Amino acid sequence: MDLDLWIVKVKEGQHLAEHELQSLCEYVKEILIEESNVQPVNSPVTVCGDIHGQFHDLMKLFATGGHVPDTNYIFMGDFVDRGFNSLEVFTILLLLKARYPGHITLLRGNHESRQLTQVYGFYDECQRKYGNANAWRYCTDVFDYLTLSAIINGTVLCVHGGLSPDVRTVDQMRTIDRNCEIPHEGPFCDLMWSDPEEIETWGVSPRGAGWLFGSRVTTEFNHVNNLELVCRAHQLVQEGLKYMFPDKGLVTVWSAPNYCYRCGNVASILSFSETMVDMLYWLQNFQEIVPTRALIGSIGNLLESIGEVYNDNFTVLCM
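The sequence shown begins at 92 in the numbering used here and counts up by one.
Lysine-lysine pairs mimicking BS3-like chemistry, simulated, CA-CA at most 27 Å apart:
id, residue 1, residue 2
1, 220, 102
2, 151, 333
3, 220, 151
4, 100, 120
5, 120, 102
6, 151, 100
7, 100, 220
8, 151, 102
9, 220, 120
It is worth saying that the hints were derived from the structure and are not from the lab. This structure is a prediction, so every number in the text was calculated from the model and none was measured.
Go ahead and model the full structure; you've got the sequences and the hints to work with.
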């Protein structure tokens, strides 16, 4: 496999041949099977939320946050469905994982599922672009190998959805059998589907899967596991990033600007420096040139700007 050539090819908007995609998927599965359910990651690293097939916005994300391997990334799932270019998004992420396995961590989201991708677009996209369902089968086989979570420096837990009443400790997450389709209930399902809510403990989720979980649940989970923060995706937030609860022990990161090409939201990526100071990069939809914002630091100074935003730790060109 000529991974460097394939990366250039896919970034230019071309597709891999069917046999090339099959070889890539088999290769990446061998890498992923060695990863833990709670994959340890060291800072500096940049954390990204849902992408949902918005390939051109993903390219802008790399232009803003830095390209692999110069920047290390954790992507918290939901690479596919809804957007027009799920195939390109998932292919380039697989290529980067194959080429630079220690510099990019791919978590499973609730849409990395055979059932959901047959409803929300990825299956139809593969049929349209390849003329059959083989590409979809190769990719969905990889889904079963994606890890469930990552932990940054032992203190920040990254997971797609949220917490589970069946998971009190991070060690319990390590025992889940992840090499299967996402079940309809239980701890695996909850990690993919749950949402935080302004309640104390647990509530029934309107999604029909997972749970709503509140401030006391989150605070206790962080305390028991010596965590400073739970970082998750899964929910559109118009402002791109949202801290929750009095102790700000949980944050939602959303990385698909103008979601579904109509929601008008901004997006963000959250970068942790070597000293674990978090820095927020605002992403702009690639189709528009309008004023954008940058929030610097965990408390942050909010700046209205187009152009360059300077900080002691980084320089970002807001596109």
